[in-house]
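Asker: Protein chains in written order, with the working numbering: chain A, 71 to 169; chain B, 964 to 1199.
Derived by calculation from the structure, the hints in this document are not laboratory data.
A hint or two may mislead.
[Unchecked claim] Restraint ranges, calculated between C-beta atoms of paired labels, are given here: (1) B:Gly1080 <-> A:Arg165: 38 to 46 Å; (2) A:Val137 <-> B:Phe1090: 27 to 35 Å; (3) B:Phe1034 <-> A:Leu164: 18 to 26 Å; (4) A:Arg165 <-> B:Gly1075: 33 to 41 Å.
[Stated by the list, open to error] With the Cβ distance kept under 8 Å, some of the chain A side facing chain B (calculated, not the full set): (5) Ser85; (6) Asn96; (7) Val100; (8) Leu104; (9) Asn109; (10) Gly111; (11) Ala117; (12) Ala131; (13) Val134; (14) Val136; (15) Val142; (16) Gly147; (17) Val149; (18) Val159; (19) Leu164.
From the three backbone atoms N, C-alpha and C, an ideal C-beta is built for every residue, glycine too.
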Amino acid sequence: MSITWYLCLSALVFSLGAAGVLTRRNPLVVLLCLELMLNAGNLALVAFSRMWGNGDGQVFAIIVMVVAACEVAIGLGLVVAIFRRRLPVDVDELRELHG
Amino acid sequence: MLRDIFFFLFAIGVLSGAMGVVVLRNPFYAVLSLVVHLLSLALLFLLLQAQFLAAAQVIVYAGAVIVLYVFVVAYVGSSVEPIRASAGPGLRALSVLFATALAVELLIAVVGSTLAGIDGDGEKILFGFGTPSFIGELLLTRFLFPFELATILLLMAAVGAVVLARRRGGIDGAGDVLAPLQFGLRPPPGTGTMKEGVGDINPTAELSRSREQEAPVAAVAPRAETAQLDPQEPSR
Chain A
71 MSITWYLCLS ALVFSLGAAG VLTRRNPLVV LLCLELMLNA GNLALVAFSR MWGNGDGQVF
131 AIIVMVVAAC EVAIGLGLVV AIFRRRLPVD VDELRELHG
Chain B
964 MLRDIFFFLF AIGVLSGAMG VVVLRNPFYA VLSLVVHLLS LALLFLLLQA QFLAAAQVIV
1024 YAGAVIVLYV FVVAYVGSSV EPIRASAGPG LRALSVLFAT ALAVELLIAV VGSTLAGIDG
1084 DGEKILFGFG TPSFIGELLL TRFLFPFELA TILLLMAAVG AVVLARRRGG IDGAGDVLAP
1144 LQFGLRPPPG TGTMKEGVGD INPTAELSRS REQEAPVAAV APRAETAQLD PQEPSR
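Turn these sequences into a full structure, and let the hints guide you.
Answerer: What follows is the structure, given as C-alpha cells:
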C-alpha cells in the first residue's frame, strides 16, 4: 500500500475534525474532535516513519499521545468545573470571560 | 493485495468513526464512535509496522481516555444539543466550507507532492522495527530530553486537573483549610471520603459549626456551599 493513501486518509480525518471543532457547540464534543485532529497527525507521522524506515516518527507520535492525554485531563477538568458552577456547557454561551 | 484490502477496511472504520464523532448529536454516542475510530486507527498502525504504538493507542486512548470521557459525559449529562444554531446557519455553512477547502488543499498537497518516497511502500526496515525495545531505545537515547519534558507535562496536567475538578467549598476557602490538627485520626472534612459519600454527612456544615464554636465572633456563614455540594441537575 503506497504511503500516499495513508496521507490522504490523514488529511480527510484532519478536515473532519476541523469541521467538528468549528460546528459543534458542546465542549466535550469539541474535545473529541480535537482528538480526531491529533490522531490524524499521528497517522501521518507513523506513515512518514514507515516511509523513512526509522523510528523517529513513532516517537513523535508517542509524544503527541502524551500531549493529547494532558489536554484531555485539563479539558475535562474544565468541563467539570463549568458544570459545577452552574454555567451552561456550551461554547457559544461561554464566549465572555466574566464569571 | 491482502494489505490493500485490510487498509481499505480499516480506513472505512477510521472515516466512519470520525464522521460519527462530528455528526452524532448525543455526546455519548460520539464517544462510542470515537472508540471505533481509535481501534481502526490502531489496526492501521499495525499495517504500518508500528506495533508498540498500536498497543499504546488501544491501551491509552481506547482504554483510559475513553473511560475518562464516558465518566464526564455521564456526570455532565449527555444532553442532546439543540438543533438551533445560536451563531446562525450562515456561520455553520461557512465552517463546513472552510473544512472542505482544508481537505481539498491537503489532498492537493499530498497527491501533487513530488516526494518520491511517498509513492512506494516505504524503505526496507530492519527486523524488530516498531517493537517496544526499539521505541524504548530511541526514547532513552536520542529522544531523552523530549521524554523528560513529557513527564513534566504529565505531572503538570495531573496537578491542573486535580485543581480544576476539585470540590470547592466556596470562594472564601472553607474547604481549603489544611490545619495540621485535621490530619489526625480522621481525614479533613470535605475531601470526598467514602463515608461522606455514603452517609449524609455534610462536611462543610460540620466544619463551619466547629469554626463557630471556636470563634463565634468571626463566624461567617459559608455561602451556598451546601447547594454546590448537591449533585443536582443545574438550574439553567
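Asker: If a hint holds in the structure, say so; if it doesn't, say that too.
Answerer: Hint check results:
| no. | hint | in the structure |
| --- | --- | --- |
| 1 | B:Gly1080 <-> A:Arg165: 38 to 46 Å | holds (44 Å) |
| 2 | A:Val137 <-> B:Phe1090: 27 to 35 Å | holds (31 Å) |
| 3 | B:Phe1034 <-> A:Leu164: 18 to 26 Å | holds (21 Å) |
| 4 | A:Arg165 <-> B:Gly1075: 33 to 41 Å | holds (38 Å) |
| 5 | Ser85 | holds (3 Å) |
| 6 | Asn96 | holds (6 Å) |
| 7 | Val100 | violated (10 Å) |
| 8 | Leu104 | violated (10 Å) |
| 9 | Asn109 | holds (6 Å) |
| 10 | Gly111 | violated (12 Å) |
| 11 | Ala117 | holds (6 Å) |
| 12 | Ala131 | holds (6 Å) |
| 13 | Val134 | violated (10 Å) |
| 14 | Val136 | holds (4 Å) |
| 15 | Val142 | holds (5 Å) |
| 16 | Gly147 | holds (3 Å) |
| 17 | Val149 | holds (6 Å) |
| 18 | Val159 | holds (6 Å) |
| 19 | Leu164 | violated (12 Å) |
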